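*Asks:* Chains B and P are the protein sequences, given in the same order.
Oh and the first sequence: position 9 is 9 in the numbering used here, straight run, nothing missing.
Take any residue in the second sequence, note its place counting from 1, add 112, and you have its number in the numbering used here.
It should be emphasised that the hints constitute simulated quantities derived from the structure, not laboratory data.
Hints are supplied without guarantee of correctness; some may be wrong.
[What the hints assert, rightly or not] Across the chosen pairs, the derived CB separations fall in these ranges:
id, chain 1, residue 1, chain 2, residue 2, range
1, B, R60, P, K132, 38 to 44 Å
2, B, P81, P, S201, 18 to 24 Å
3, P, T143, B, K56, 24 to 30 Å
4, P, C125, B, S94, 35 to 41 Å
[Claimed, not checked] Straight-line Cα separation of at most 27 Å, DSSO-like style, residue types lysine-lysine; simulated pairs:
id, chain 1, residue 1, chain 2, residue 2
5, B, K2, P, K153
6, P, K153, P, K216
7, B, K42, P, K216
8, P, K176, B, K70
9, B, K107, P, K153
10, P, K153, P, K176
11, B, K70, B, K2
12, P, K126, B, K99
Predicted, not measured: the structure shown is a model, and the values here were computed from it.
We treat Cβ as the ideally placed atom computed from N, Cα and C, and that holds for glycine.
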Amino acid sequence: QKEVEQDPGPLSVPEGAIVSLNCTYSNSAFQYFMWYRQYSRKGPELLMYTYSSGNKEDGRFTAQVDKSSKYISLFIRDSQPSDSATYLCAMSKSGGYQKVTFGTGTKLQVIP
Amino acid sequence: GAVVSQHPSRVICKSGTSVKIECRSLDFQATTMFWYRQFPKQSLMLMATSNEGSKATYEQGVEKDKFLINHASLTLSTLTVTSAHPEDSSFYICSASPGGLDEKLFFGSGTQLSVL
Chain B
1 QKEVEQDPGP LSVPEGAIVS LNCTYSNSAF QYFMWYRQYS RKGPELLMYT
51 YSSGNKEDGR FTAQVDKSSK YISLFIRDSQ PSDSATYLCA MSKSGGYQKV
101 TFGTGTKLQV IP
Chain P
113 GAVVSQHPSR VICKSGTSVK IECRSLDFQA TTMFWYRQFP KQSLMLMATS
163 NEGSKATYEQ GVEKDKFLIN HASLTLSTLT VTSAHPEDSS FYICSASPGG
213 LDEKLFFGSG TQLSVL
């Protein structure tokens, strides 16, 4: 069993839709949870960074962490074609100096 | 956010040659940098942790003699793929963190290596 599971998609949605991306994990030691956006052949770009359980909102993006269920989500409101990319969830036991475990990424396509 | 610069973005080389990839933290110091490898449609796989002033720590299964890492300063880490073979063709990405209270991880733009 992988430490982090993420549906690879692809996920196609119409422009303006609400997108829900999810990851599950097995290691209860993870405390820091991240979402990255990666365009083709580019490095990942940090979107959301949360510590422990709870919600965090930044513009059209909302990250949710449920540590009791070992489940994290990223919601994108009013999705745009420019949101089309691969979204990677990531998590670590500590902060940036420690190893980060990534999901396989979900490819999202927002259709105009 | 913090900026991590990676060069070159793309390199094509002949089998048997060596290729050097640079990773620089432009606006912060990073005592630790990370090197990843990514195959198409797969996630990032950590290859090694680069530590300034000391030897890199390699993940299991990664050949340290093939993937030489040098972290000579607080803003620069290099990855040298020695005697490259076609199976080394991949997308290589580095990352670094400013550390301290802002312990977020920032990535370079990646290097696509193609070995002919």
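*Asks:* Hint by hint, say whether it matches the structure.
*Replies:* Status of the hints after comparison with the structure:
Separated by about 40 Å at the C-beta atoms, B:R60 and P:K132 satisfy the suggested range of 38 to 44 Å. For the hinted restraint 18 to 24 Å between B:P81 and P:S201, the CB-CB distance of approximately 31 Å leaves it violated. The hinted range of 24 to 30 Å is satisfied by P:T143 and B:K56, whose Cβ atoms lie roughly 28 Å apart. Between P:C125 and B:S94 the beta carbon distance is about 37 Å. The supplied range of 35 to 41 Å therefore holds.
The straight-line distance between the Cα atoms of B:K2 and P:K153 is roughly 16 Å, inside the 27 Å bound, and the hint therefore holds. Simply put, P:K153 and P:K216 have alpha-carbon atoms about 24 Å apart, close enough for the 27 Å limit, and the pair holds. Of the pairs offered as hints, the one joining B:K42 and P:K216 holds, with about 18 Å between alpha carbons and a cut-off of 27 Å not exceeded. Simply put, P:K176 and B:K70 have alpha-carbon atoms about 34 Å apart, too far for the 27 Å limit, and the pair is violated.
Between the alpha carbons of B:K107 and P:K153 the distance comes to roughly 9 Å, so the proposed pair stays at or under 27 Å and holds. In summary, the hint linking P:K153 to P:K176 is supported, as the alpha carbons are separated by about 25 Å, within the 27 Å threshold. For the suggested pair B:K70 and B:K2, the alpha carbons sit about 13 Å apart, so the restraint of at most 27 Å is met. For the suggested pair P:K126 and B:K99, the alpha carbons sit about 33 Å apart, so the restraint of at most 27 Å is broken.
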